[in-house]
Structure formats: structure tokens, C-alpha cells
Amino acid sequence: MQSLVDGNTEADRKYQQLQLEGLLYQGVEGFVHWLRACPEPIVMLVVDQFEELFTLSPAEDRQRFLELILGGLQYADDRFKLVLTLRTDFMSACLENARLADYLQRSSVLVPPVLHEADYRQAILRPAEKVGLAVQPELVDVLLQELSHSAGDLPCWNLS
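Under our numbering, read the sequence shown as residues 1 to 160, first letter to last.
Since the hints were made in silico from the structure, they are not lab data. Please note: incorrect hints may appear among the correct ones.
Said to hold, decoys possible - Straight line, CA to CA, 25 Å or less: simulated DMTMM-like cross-link-like pairs of lysine to aspartate or glutamate:
#1 K81 with E21
#2 K14 with D61
#3 K81 with E52
#4 K81 with E60
#5 K130 with D77
#6 K14 with E40
#7 K81 with E67
#8 K130 with D102
#9 K130 with E40
#10 K81 with D119
#11 K81 with E96
#12 K81 with D102
#13 K130 with D78
Unchecked claim - Label pairs and their computed distance ranges (CB to CB):
#14 S107 with D12: 28 to 36 Å
#15 G132 with E10: 31 to 39 Å
#16 V47 with E129: 14 to 22 Å
#17 D12 with L95: 35 to 43 Å
Since we're looking at a predicted model, the values are computed, not measured. Don't be surprised by glycine CBs; every beta carbon is placed ideally from N, CA and C.
Required output: the full structure, derived from the provided sequences and hints.
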């Protein structure tokens, strides 16, 4: 949550964080309001190991989170982009939610288990290009350096 707020002082950041928490407490309407009022033209939320939402979160928390992110995509898709990393063996759990399944079926980029560097590069760039975003070449280079090029390094990148 802290990376979603930007202030000059610690007090500014704390105040903005409390405002955001209050808006999120209001549900989808509050989240969409925040997205529309946010000074950045696009807010990108990256959720790594999305499968943990299904393995570690209580059903009520999971449902609330899904309602927020899917509501953001539905009502503010011009301002909100979502990137999920997900092991394919957890895809069936995601498909049980009809709205999430719809987004995944339209927007998924599945990555095979064994890739060469050019394939990894495309796996990073292609999802962003699908939604009209550009990835800085330096960021791609850093991501490629971080990979050990073994199975499971980049199981699934998803952009909705």
C-alpha cells in the first residue's frame, strides 16, 4: 500500500495512506474514485504469486480483493492495469470465479517452462504491448539478469 502513496514528508505519506485505506474500505466505488483522482495517468498493480490468494487468504478476504481489482478493471480500465504472475497449476482455482475467468481468457499470456533469452524478452514485453504500454529496455535487462533460466522462473505473466 505504501508504494501507492507519494508524499514529500512522512506525515504526507501517512495521510495519503489513510485516505487510500478509507477509500478501499468503501469497496469498488472508493477504489475507482481513487484511480480517477490519482495524478498518475495509469496505475499498474503487480501481484506476484497470485495463487497465494487462493491458498493463504480466507474466502471473504479473497472475494473482497477480487471485487476491488475486477471492479477497477471494469470501471477504470483506462487508468488501471493489472499484472498477475500465477503458476498454471492454480489456473483452475482462478477460473472458478466467472469475472476473473473472463479477464484471464481474454488477456492471459502463458509462458512455457523452458525458454531462451529472446523468449523471456518477449514474455516480458508482449503483455505490456497488448495493452499499449512500453517497458523500459533497462528494466527488461534487469529482469533477464535476475532469471536463472530454469523451469518456473516465469511461470505466467498476465496483464488485464
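A quick look at each hint next to the structure:
1. Distance hint between K81 and E21 is fulfilled; the C-alpha atoms sit about 19 Å from each other, no more than 25 Å.
2. Restraint check: the Cα-Cα separation between K14 and D61 comes to about 24 Å, which is no more than 25 Å; the hinted pair holds.
3. Pair hint K81 plus E52 holds up; C-alpha atoms about 20 Å apart against a cutoff of 25 Å.
4. With a C-alpha separation of about 24 Å, the suggested pairing of K81 with E60 holds against the 25 Å cut-off.
5. The suggested pairing of K130 with D77 holds, with an alpha-carbon distance near 13 Å, which does not exceed 25 Å.
6. For the hint linking K14 to E40, the alpha-carbon distance of about 19 Å falls within 25 Å, and the restraint holds.
7. For the hint linking K81 to E67, the alpha-carbon distance of about 15 Å falls within 25 Å, and the restraint holds.
8. For the given pair, K130 sits about 16 Å from D102 by alpha-carbon distance, which is consistent with the 25 Å threshold.
9. Straight-line distance between C-alpha atoms of K130 and E40 comes to about 20 Å, which keeps the hinted pair within the 25 Å bound.
10. For the suggested pair K81 and D119, the alpha carbons sit about 23 Å apart, so the restraint of at most 25 Å is met.
11. Distance restraint check for K81 and E96: the Cα-Cα separation of roughly 22 Å lies within the 25 Å cut-off, and the hinted pair is therefore satisfied.
12. At most 25 Å may separate the alpha-carbon atoms for a hinted pair to count; K81 and D102 meet this at roughly 15 Å.
13. Distance hint between K130 and D78 is fulfilled; the C-alpha atoms sit about 13 Å from each other, no more than 25 Å.
14. For S107 and D12, the Cβ-Cβ distance of about 35 Å falls inside the hinted range of 28 to 36 Å, so the restraint holds.
15. The hint said 31 to 39 Å for the Cβ distance between G132 and E10, and at roughly 35 Å that hint holds.
16. Taken as a hint, the range 14 to 22 Å holds for the pair V47 and E129, whose Cβ atoms sit roughly 20 Å apart.
17. Our hint of 35 to 43 Å for D12 and L95 holds, since their Cβ atoms are close to 42 Å apart.
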